[in-house]
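Here are the chains, one letter per residue:
2 protein chains.
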Amino acid sequence: MAGYTLYSMQNSGNCYKPRLLMHQLGIPFRLVDTDPGRGETRKDEFRALNPNARVPLLVLPDGRALPESNAMLLYLAEGTPCLPADRYDRGTCYQWLFFEQYDHEPTIAVARSWLSVYPDRIGKATPEQIAGWHQKGYKALGVMEQRLKAHDWLAGNAYSVADIALYAYTHVADEGGFDLTDYPGIRGWLARVASTPGFVPMDWRP
Amino acid sequence: MAGYTLYSMQNSGNCYKPRLLMHQLGIPFRLVDTDPGRGETRKDEFRALNPNARVPLLVLPDGRALPESNAMLLYLAEGTPCLPADRYDRGTCYQWLFFEQYDHEPTIAVARSWLSVYPDRIGKATPEQIAGWHQKGYKALGVMEQRLKAHDWLAGNAYSVADIALYAYTHVADEGGFDLTDYPGIRGWLARVASTPGFVPMDWRP
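Sequences listed follow chains A and B, in order. Reminder that position 176 of the first sequence reads as 175 in numbering that gives the first Met the number 0, one-by-one numbering, no gaps. Reminder that position 184 of the second sequence reads as 183 in numbering that gives the first Met the number 0, one-by-one numbering, no gaps.
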């Protein structure tokens, strides 16, 4: 049987998102470890599936490919409780997904990638670069805190793909040099996400 | 009657997206000019609507606010031909929207903002910054060209919010120093978007 295949790098928060959602939704899939750092996304056979040469990449049972972690979340969550049924709540779910890719990932995940993830980057970021990531990253965390100090979840009143998308890099923000001490709303929410049914940590594989 | 209100900066591609879509869908709205360059998004009354202090911001007829241009597109297009009815096509529509915010806007729109839009930025970008935006921006344009050299539209076989999102800054890419001569697929698609029913240019206001 041809099921879903996920091309994925284990230590990438973007790749963790669809792994976590598929496990929580009970969708079986095959994992193919794919390391951009070893050039594996620039090979012709991979670029034929994703011209943007990035992981994660989801290949559907019929062989068609879907790039972009947050597009996968919306695609897979449709018709499940992980996508809000209320139209406005769904709109705010979209809002958090775009916020994640524009304001959060480019600062918090990028700081982590230079400070903790890629051996060839560690020690090479300049103090000015790090300060820039931290200034913008703390601003993004402040926007999250404003929501989470008064609400259990990011979109509407229930756990959704918005929480999965933001959890992916927030829960390892310390690896990018971020300190969440002054963000009690975020810390409580991180614990709630980790207690959802079927939750698995980032190093989980099917 | 309280209808939709859009807080918007006229010369911003992100703000153009919901203006264009709402006009094409026949949704009336009130426009409130809001200039981040004059600090208008950092005022308390604006931050109460959008803690992220950004335009565009859409306020619904019931008074609730929705930030993020691409979230507005998905919210407003639901149930219309501008969001693909086919599930996979809808997935690829999501994909292009996230691609736009992650790979396209931060390079092509940012180059334009420094080279042509904000008077206090013009002339201040370093050659290294400009080269970085161009290197990444041309890569993003290459991903678009690969799709558009063989297809009329980005997602599925019809005009959708994916086309609106990418049109917003691609059609003014020259203002960021980008040359589309070698991108005939993109140039043909720009002309197709500008020929869709109800199309209005970026300087249009309701």
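It should be emphasised that the hints constitute simulated quantities derived from the structure, not laboratory data. Treat each hint with caution, since some may be false.
Identical copies carry no separate label here, and so any pair may be met within one copy or between two of them.
As the list claims (entries may be wrong) - Okay, derived cross-link-like pairs now, SDA-like style, lysine to any residue, Cα gap no bigger than 20 Å in a straight line:
#	residue 1	residue 2
1	Lys135	Asp173
2	Lys148	Asp43
3	Lys42	Leu179
4	Lys138	Tyr87
5	Lys148	Ser194
6	Lys135	Gly187
7	Lys123	Pro35
8	Lys138	Gln9
9	Lys135	Ala52
10	Lys138	Ala1
11	Lys138	Ala84
12	Lys138	Pro105
13	Lys148	Leu179
14	Lys148	Leu48
15	Lys135	Trp203
16	Lys138	Ala157
17	Lys135	Gly155
18	Lys42	Leu30
19	Lys123	Leu189
20	Lys42	Gly155
21	Lys138	Phe28
22	Lys135	Val109
23	Lys123	Pro50
24	Lys135	Thr40
25	Lys148	Phe198
26	Lys138	His170
27	Lys135	Pro105
28	Lys135	Trp113
key: Hints violated by the structure (listed by number, smallest first)   = Violated: hints 3, 4, 6, 8, 10, 11, 15, 16, 17, 19, 20, 21, 23 and 25.
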